[in-house]
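Single-letter residue listing:
2 protein chains.
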Amino acid sequence: MKVFVTGAAGFIGSHVVDAFLADGHEVMGYDNFVTGRLEFLKSARGSERFTLIEADLEDRAKLNAAVEGRDLVIHLAANADVRFGTLHPRKDLEQNTICTWNVLEAMRLANVNRIAFSSTGSVYGEPSMFPTPEDAPFPVQTSLYGASKLAAEGLICAYAEGYGIEAHIFRFVSLLGARYTHGHVVDFYRQLRDHPDRLHVLGNGKQRKSYLHVSDCVRAMRMALEKARGKINIFNLGTDESCGVNDSIGWICSSLGVSPAITYGGGERGWIGDSPLIFLDCAKIRSLGWTPELSIRESVELTVRYLQGSGHVTA
Amino acid sequence: MKVFVTGAAGFIGSHVVDAFLADGHEVMGYDNFVTGRLEFLKSARGSERFTLIEADLEDRAKLNAAVEGRDLVIHLAANADVRFGTLHPRKDLEQNTICTWNVLEAMRLANVNRIAFSSTGSVYGEPSMFPTPEDAPFPVQTSLYGASKLAAEGLICAYAEGYGIEAHIFRFVSLLGARYTHGHVVDFYRQLRDHPDRLHVLGNGKQRKSYLHVSDCVRAMRMALEKARGKINIFNLGTDESCGVNDSIGWICSSLGVSPAITYGGGERGWIGDSPLIFLDCAKIRSLGWTPELSIRESVELTVRYLQGSGHVTA
Numbered sequence: 057m058k059v060f061v062t063g064a065a066g067f068i069g070s071h072v073v074d075a076f077l078a079d080g081h082e083v084m085g086y087d088n089f090v091t092g093r094l095e096f097l098k099s100a101r102g103s104e105r106f107t108l109i110e111a112d113l114e115d116r117a118k119l120n121a122a123v124e125g126r127d128l129v130i131h132l133a134a135n136a137d138v139r140f141g142t143l144h145p146r147k148d149l150e151q152n153t154i155c156t157w158n159v160l161e162a163m164r165l166a167n168v169n170r171i172a173f174s175s176t177g178s179v180y181g182e183p184s185m186f187p188t189p190e191d192a193p194f195p196v197q198t199s200l201y202g203a204s205k206l207a208a209e210g211l212i213c214a215y216a217e218g219y220g221i222e223a224h225i226f227r228f229v230s231l232l233g234a235r236y237t238h239g240h241v242v243d244f245y246r247q248l249r250d251h252p253d254r255l256h257v258l259g260n261g262k263q264r265k266s267y268l269h270v271s272d273c274v275r276a277m278r279m280a281l282e283k284a285r286g287k288i289n290i291f292n293l294g295t296d297e298s299c300g301v302n303d304s305i306g307w308i309c310s311s312l313g314v315s316p317a318i319t320y321g322g323g324e325r326g327w328i329g330d331s332p333l334i335f336l337d338c339a340k341i342r343s344l345g346w347t348p349e350l351s352i353r354e355s356v357e358l359t360v361r362y363l364q365g366s367g368h369v370t371a
Numbered sequence: 057m058k059v060f061v062t063g064a065a066g067f068i069g070s071h072v073v074d075a076f077l078a079d080g081h082e083v084m085g086y087d088n089f090v091t092g093r094l095e096f097l098k099s100a101r102g103s104e105r106f107t108l109i110e111a112d113l114e115d116r117a118k119l120n121a122a123v124e125g126r127d128l129v130i131h132l133a134a135n136a137d138v139r140f141g142t143l144h145p146r147k148d149l150e151q152n153t154i155c156t157w158n159v160l161e162a163m164r165l166a167n168v169n170r171i172a173f174s175s176t177g178s179v180y181g182e183p184s185m186f187p188t189p190e191d192a193p194f195p196v197q198t199s200l201y202g203a204s205k206l207a208a209e210g211l212i213c214a215y216a217e218g219y220g221i222e223a224h225i226f227r228f229v230s231l232l233g234a235r236y237t238h239g240h241v242v243d244f245y246r247q248l249r250d251h252p253d254r255l256h257v258l259g260n261g262k263q264r265k266s267y268l269h270v271s272d273c274v275r276a277m278r279m280a281l282e283k284a285r286g287k288i289n290i291f292n293l294g295t296d297e298s299c300g301v302n303d304s305i306g307w308i309c310s311s312l313g314v315s316p317a318i319t320y321g322g323g324e325r326g327w328i329g330d331s332p333l334i335f336l337d338c339a340k341i342r343s344l345g346w347t348p349e350l351s352i353r354e355s356v357e358l359t360v361r362y363l364q365g366s367g368h369v370t371a
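Chains as they are written, first to last, in our numbering: chain A, 57 to 371; chain B, 57 to 371.
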């Protein structure tokens with residue numbers, strides 16, 4: 057199969073590239089390297105079945121040409137800077153919504169009719185139901201990021217209906233694992249590396265979230281692509297557990313062997329649009345036979361170990 | 057109050073303008089006159105409290121300047137050409153989603169913090185629940201039009217959360233009444249005017265839809281703006297009844313005194329992305345004390361009478 061991966065040099069994208077190469081497929085990666093990192097593709101670039109295009113999804117001529125002849129598009133490129141969304145109100149619209157339209161339109165023009173898309177549990181806003189199933193009550197958006205991903209989902213479904221495209225939409229919890237570059241574990245790691253005696257936490261530390269290891273995530277995506285072949289296939293991807301920010305702080309500190317004094321910014325939310333709890337009902341993906349191999353605690357600890365061994369934690 | 061109305065020269069917009077002028081408010085209308093009609097604003101233009109700006113929502117400089125100093129934005133401008141969405145795949149994205157962002161951003165820059173928005177029952181896709189309530193199960197989009205309006209709703213909610221804007225989102229069924237310019241009643245009217253002996257119907261004629269008269273709609277919007285003052289206020293707007301396409305054909309024919317031979321295109325849907333049934337649960341808007349004054353049958357008959365008396369049915 058000829059697979060086209062946007063955001064190929066990102067955290068999730070590079071793992072997806074590796075997985076499809078390992079399976080014997082031909083993979084073309086597309087990345088603008090704004091946040092993607094060439095070293096994440098080190099292994100992939102050793103394969104003859106891998107090609108890499110450095111370009112932006114806003115460059116429609118390049119995108120249209122690249123999509124030509126592919127069998128499956130895995131669209132992962134996105135602005136994932138959720139927290140600072142209100143500081144740049146057009147970025148999510150452009151990079152997550154309009155660029156998804158660009159990808160869909162390239163597919164329509166080239167007659168490529170399968171797409172997998174990385175959406176987010178943030179599309180549920182602040183849900184009334186926990187764990188939250190795929191058909192939870194019609195959500196109200198609370199962040200520009202969530203709104204931009206919801207808009208992209210809507211475009212994908214409309215293209216599926218209107219132009220005969222088969223769509224796989226994955227609503228992720230936060231992911232952890234090797235090549236992890238942003239989120240609370242790296243924030244805490246960075247603080248404790250610089251001053252092991254103190255840690256500042258946004259919010260009140262009581263927020264609960266669910267996390268998934270990137271390897272479990274990629275395995276789930278591949279299983280769904282293989283086994284769920286409806287017109288529109290929507291899956292939550294997460295673990296069946298949640299952890300508090302304070303739990304995760306405990307695991308990070310014990311991994312690092314530190315006992316910092318902790319201060320809290322206060323409030324139920326870490327930032328505007330932050331959801332106090334993202335916890336997804338993953339019965340649907342489990343019904344295909346998938347189950348995560350790593351617990352949240354193991355994922356946090358593996359991520360800390362990766363950060364200790366890698367040169368990627370700068371700033 | 058200083059009210060800013062986009063799509064002011066449209067079917068709904070011109071009625072909204074008239075209603076707010078009648079109530080003593082200052083109204084600025086904004087329209088690009090691509091589908092809007094100057095004659096719909098004939099009465100409004102006689103008022104000293106009305107100003108009209110002919111400009112496009114894509115002209116952000118003009119839009120930003122116009123929004124300055126307003127108290128309330130009623131954003132009705134949209135591409136409402138639902139049926140031919142798949143023929144121009146970027147139009148809904150541009151005119152309904154990106155232009156809504158332009159409006160929101162103009163409001164943020166000018167510190168205007170109230171918006172009312174015309175969404176649509178189409179955001180429910182093909183719902184599993186009838187009548188469909190505002191918190192129906194998370195919908196799957198079936199048309200570019202529905203997807204573009206859902207995206208606009210998401211942006212509005214994210215702006216409400218992120219920047220302290222008060223939002224009223226109205227999900228309409230199809231509207232009927234004076235100044236009605238497109239939809240099945242005008243299609244049937246036009247056919248029967250040209251050849252009273254025959255009528256061709258898209259789909260199998262068994263589709264059921266719900267309709268609302270524009271005067272009932274505008275009254276509901278004004279009541280919600282007055283009485284529902286939460287941060288985000290979402291209301292379905294429709295009648296508590298639905299009618300079949302064949303019912304409505306019967307009313308139109310008897311209004312016109314014709315008995316055509318009817319042929320059907322066939323299929324459950326009139327066109328790709330058409331929903332076989334839109335029927336909204338309007339208990340929430342009714343709980344504010346609103347109730348429609350006109351039945352669907354009366355609305356259809358009044359619309360036929362309007363079309364017979366007006367010069368707007370061309371082509």
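Bear in mind the hints are in silico, worked out from the structure with no lab data behind them.
Here the structure is a predicted model, which means the values were calculated and not measured.
One or more of the hints may lead you astray.
Identical copies look the same in the list; a pair holds intra-copy or inter-copy alike.
Cross-link-like lysine-lysine pairs, in silico, DSBU-like; alpha carbons within 30 Å at most [unchecked claim]:
#	residue 1	residue 2
1	262	118
2	262	58
3	287	262
4	118	340
5	98	340
6	118	147
7	340	58
8	283	147
9	340	262
10	98	287
11	98	262
Verification of the hints:
For a Cα distance limit of 30 Å, the shortest separation of residue 262 from residue 118 qualifies neither inside one copy, at 46 Å, nor across copies, at 46 Å. Neither within a single protomer nor between protomers do residue 262 and residue 58 lie at most 30 Å apart by alpha-carbon distance, with minima of 45 Å and 44 Å respectively. Taking the shortest Cα distances, residue 287 and residue 262 sit within 30 Å of each other only across copies (25 Å), while inside one copy they are farther apart (40 Å). Taking identical chains as interchangeable, the C-alpha atoms of residue 118 and residue 340 are never at most 30 Å apart, the minima being 37 Å within one chain and 49 Å between chains.
When the C-alpha separation of residue 98 and residue 340 is checked against a cutoff of 30 Å, the pair qualifies neither within a copy, at 34 Å, nor between copies, at 57 Å. Taking the shortest Cα distances, residue 118 and residue 147 sit within 30 Å of each other both inside one copy (21 Å) and across copies (22 Å). Only within a single protomer do residue 340 and residue 58 lie at most 30 Å apart by alpha-carbon distance; the minimum there is 27 Å, versus 50 Å between protomers. Taking CA atoms no more than 30 Å apart as the test, residue 283 paired with residue 147 passes in neither setting, with 35 Å inside one copy and 35 Å between copies.
When the C-alpha separation of residue 340 and residue 262 is checked against a cutoff of 30 Å, the pair qualifies only within one copy, where the shortest distance is 28 Å, while the shortest distance between copies is 34 Å. Proximity of residue 98 and residue 287 under a CA criterion of 30 Å is satisfied in neither setting, with 35 Å inside one chain copy and 49 Å between copies. For the homomeric pair residue 98 and residue 262, neither the shortest alpha-carbon distance inside one copy (39 Å) nor that between copies (59 Å) is at most 30 Å.
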